[in-house]
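**Q** So the chains spell out like this:
Number of protein chains: 2
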Amino acid sequence: MPTAAASKPSPELIFGSLISYQHSFALKAAIELDLFTAIAEGASDPASLAKRVNAVERGVRILADGMVVQGFLRKENGRYSLTPDAGIFLDKRSPAYMGGMAEFLVSEENISNFSQFTDCVRKGGTVSNIGDNSKPVDHRWVAFAKAMGSMAAPVAGVLSQMVNASSAGEINVLDIAAGHGMYGITVARNNPRVHVTALDWPAVLEVAKENAQKAGVSDRYTVRPGSAFDTDLGSGYDYVFITNFLHHFDIPTNQKLLRRFHAALKPGGKAVTVDFVPNEDRVTPPIAAAFSMVMLINTDAGEAFTFSEYEAMHRNAGFKNTVLQSPPDLPQRLVIAEK
Amino acid sequence: MPTAAASKPSPELIFGSLISYQHSFALKAAIELDLFTAIAEGASDPASLAKRVNAVERGVRILADGMVVQGFLRKENGRYSLTPDAGIFLDKRSPAYMGGMAEFLVSEENISNFSQFTDCVRKGGTVSNIGDNSKPVDHRWVAFAKAMGSMAAPVAGVLSQMVNASSAGEINVLDIAAGHGMYGITVARNNPRVHVTALDWPAVLEVAKENAQKAGVSDRYTVRPGSAFDTDLGSGYDYVFITNFLHHFDIPTNQKLLRRFHAALKPGGKAVTVDFVPNEDRVTPPIAAAFSMVMLINTDAGEAFTFSEYEAMHRNAGFKNTVLQSPPDLPQRLVIAEK
Chain H
743 MPTAAASKPS PELIFGSLIS YQHSFALKAA IELDLFTAIA EGASDPASLA
793 KRVNAVERGV RILADGMVVQ GFLRKENGRY SLTPDAGIFL DKRSPAYMGG
843 MAEFLVSEEN ISNFSQFTDC VRKGGTVSNI GDNSKPVDHR WVAFAKAMGS
893 MAAPVAGVLS QMVNASSAGE INVLDIAAGH GMYGITVARN NPRVHVTALD
943 WPAVLEVAKE NAQKAGVSDR YTVRPGSAFD TDLGSGYDYV FITNFLHHFD
993 IPTNQKLLRR FHAALKPGGK AVTVDFVPNE DRVTPPIAAA FSMVMLINTD
1043 AGEAFTFSEY EAMHRNAGFK NTVLQSPPDL PQRLVIAEK
Chain G
743 MPTAAASKPS PELIFGSLIS YQHSFALKAA IELDLFTAIA EGASDPASLA
793 KRVNAVERGV RILADGMVVQ GFLRKENGRY SLTPDAGIFL DKRSPAYMGG
843 MAEFLVSEEN ISNFSQFTDC VRKGGTVSNI GDNSKPVDHR WVAFAKAMGS
893 MAAPVAGVLS QMVNASSAGE INVLDIAAGH GMYGITVARN NPRVHVTALD
943 WPAVLEVAKE NAQKAGVSDR YTVRPGSAFD TDLGSGYDYV FITNFLHHFD
993 IPTNQKLLRR FHAALKPGGK AVTVDFVPNE DRVTPPIAAA FSMVMLINTD
1043 AGEAFTFSEY EAMHRNAGFK NTVLQSPPDL PQRLVIAEK
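Protein chains in written order, with the working numbering: chain H, 743 to 1081; chain G, 743 to 1081.
Extracted from the complex, chain H is given alone in its bound form (with noise of 0.2 Å):
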């Protein structure tokens, strides 16, 4: 996020913003050349790291030296060296490596959407051919879950805590649109008491049938392939996970899913939705507030809702008890209600 504008007149804020795309791809570059791993393993200087990324040391030089002013890379005597977030966020053989993010964020499809972003505000929606997200978006959603896996990871801890506070016996969750499935998958690996069924479309499903195998916990781990709004979705769990997903619609499509994982759940069984809430004044906290324009960019009627938004939707559709959770510094929060 920019930072405030300064007290005295300055163009600065506004330049600093028409010049920020080329943060984006200037780090997606950094990740595509794997520079962070290589600087972990030692090579610090230019000439060793043009060596070690295949590429021609002025362009490393002028893009390490950009990834001291973006503040992943620290520099000394022309020798550079990781900052504690590259090192654990950057560095390919980290386990909470992230890098794979920028191949999502910063796609093709995602830029040439925003590119139109006067016509969607015009239109009020995206002006591009993936704005239905009732229908299957397959090469998207394939690359949100190959890529946005490690993302998960904080909120997935938390889901956790909150499952392994489950009175005694099995306990049963249905994650819908489960994506690359890191939400349910933890929450199993975790507690050898978890059974997940995982939906969404079978080509997405993939991704997350692979992770789970990884985790181990495939025996643990179920499947419906199809649509949350006409699919099966079984009956009786303990918990539904609603994660990153109500964003696409707007509010009576939302109700309407809603009533459909109520009456998935066994009574005193809980929705759980991971979103982008931003409070009520819808422009803080910043990443939760901005997230709105991706939606309006990229769908067509999606946003990021308020809790009182979703309060109202939870309740229409059947549930009682909503309340909001906020773990410490996460962009994400919890709206949790029961049936």
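Since the hints were derived computationally from the structure, they do not count as laboratory data. One or more of the hints may lead you astray.
A pair counts as met if it fits within one copy or between any two copies, since identical chains are not told apart.
[To be verified] Think about it this way: if two alpha-carbon atoms lie no more than 30 Å apart in a straight line, the pair counts; the simulated DSS-like pairs of lysine-lysine are: (1) Lys865 / Lys817; (2) Lys888 / Lys817; (3) Lys817 / Lys956; (4) Lys793 / Lys834; (5) Lys877 / Lys998; (6) Lys1008 / Lys951; (7) Lys956 / Lys750.
Remember, it's a predicted structure, so these values are computed and weren't measured experimentally.
With chain H fixed as given, assemble chain G onto it according to the hints.
**A** Same frame as chain H, but now just chain G:
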């Protein structure tokens, strides 16, 4: 620029960098829709704004909320108002309006070039066909001239002070690659003793001539259409302005150019470069340092040079007493050298 990494591990800076392109497109859309002028003129809620900018209310609301997040608007009780900077630089009725920058800075060409960042690093230069700036690239430089004149004002003020301190008599300024011409034109407007000779490609000079006319200095404004590499520059100048130009070329090329500019000056005359000049570490200050990436992406061999590089280039071209000036609060610096 993204803010510094938090002290505890967080992917926030990585995520923020990867999605920062969204800010560029959002601000460009708000400028294209003239949202800021509409708000300044009193349309302050989504419904009246939608009517005013000819868009759907939902689209305008989400965009305006985004502009609050990005720091250009304020929101109170559902009504938007401009921040002081937006009032000065984004209200079309303001003399300091800078919205025109969006078209050049977030052009399709720039986005397309940046989306090939990885290939540029591998190659060590642009993979586009606009990389050789010794040849005319009319579509680009006419667009630059039309869009970026407003950015020149602060430095043009600094140049005026310098020129106004010159001893009595006619002051002849050669403005290399004049573009919009606003450096030379401003200096001429501020001092009736100044005569400007502007050099640029013919199509670009049309923009400069129009600006000179608007500023009422046409009678002291001469143009020399052509290339800085081989056009007859004339001679006996008090100043040569070299604004945003040398960053397009490598050091040997710049020395060749500087020798030509040296020859065009009268004894004691000054070459004045206005450019992004990073510190010797090449990673501070941020805007100047990051500018090398822009040149890696868009040129064959250009970059943001340090002062020690400028000093050597000028010395090798026959200049003496090269000094660096850093006007406060400006991204650009001045390199001034004497014949």
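**Q** Indicate which option fits the pair Lys1008, Lys951 if close means a Cα-Cα distance not exceeding 30 Å: within, between, both or neither.
**A** within (25 Å within a copy, 76 Å between copies)
**Q** 30 Å Cα cut-off: does Lys865 pair with Lys817 within a copy, between copies, both or neither?
**A** So Lys865 and Lys817 pass the 30 Å test across copies only (23 Å; inside, 47 Å).
**Q** With 30 Å as the alpha-carbon cut-off, assign the pair Lys956 and Lys750 to within, between, both or neither.
**A** Classified as between; 29 Å across copies, 55 Å inside a copy.
**Q** Can you give me the call for Lys817 and Lys956, within, between, both or neither, at a CA distance of at most 30 Å?
**A** neither (38 Å within a copy, 47 Å between copies)
**Q** What label fits Lys888 with Lys817 when the C-alpha limit is 30 Å: within, between, both, or neither?
**A** Neither, since 33 Å and 38 Å both go past 30 Å.
**Q** Given a CA cutoff of 30 Å, do Lys877 and Lys998 count as a within-copy pair, a between-copy pair, both, or neither?
**A** Answer is within; shortest intra-copy Cα gap is 16 Å, inter-copy 61 Å.
**Q** Taking 30 Å as the upper bound on the Cα-Cα distance, should Lys793 and Lys834 be classified as within, between, both, or neither?
**A** within (18 Å within a copy, 50 Å between copies)
Checked against the numbered hints given earlier, this structure breaks hints 2 and 3; the rest are met.
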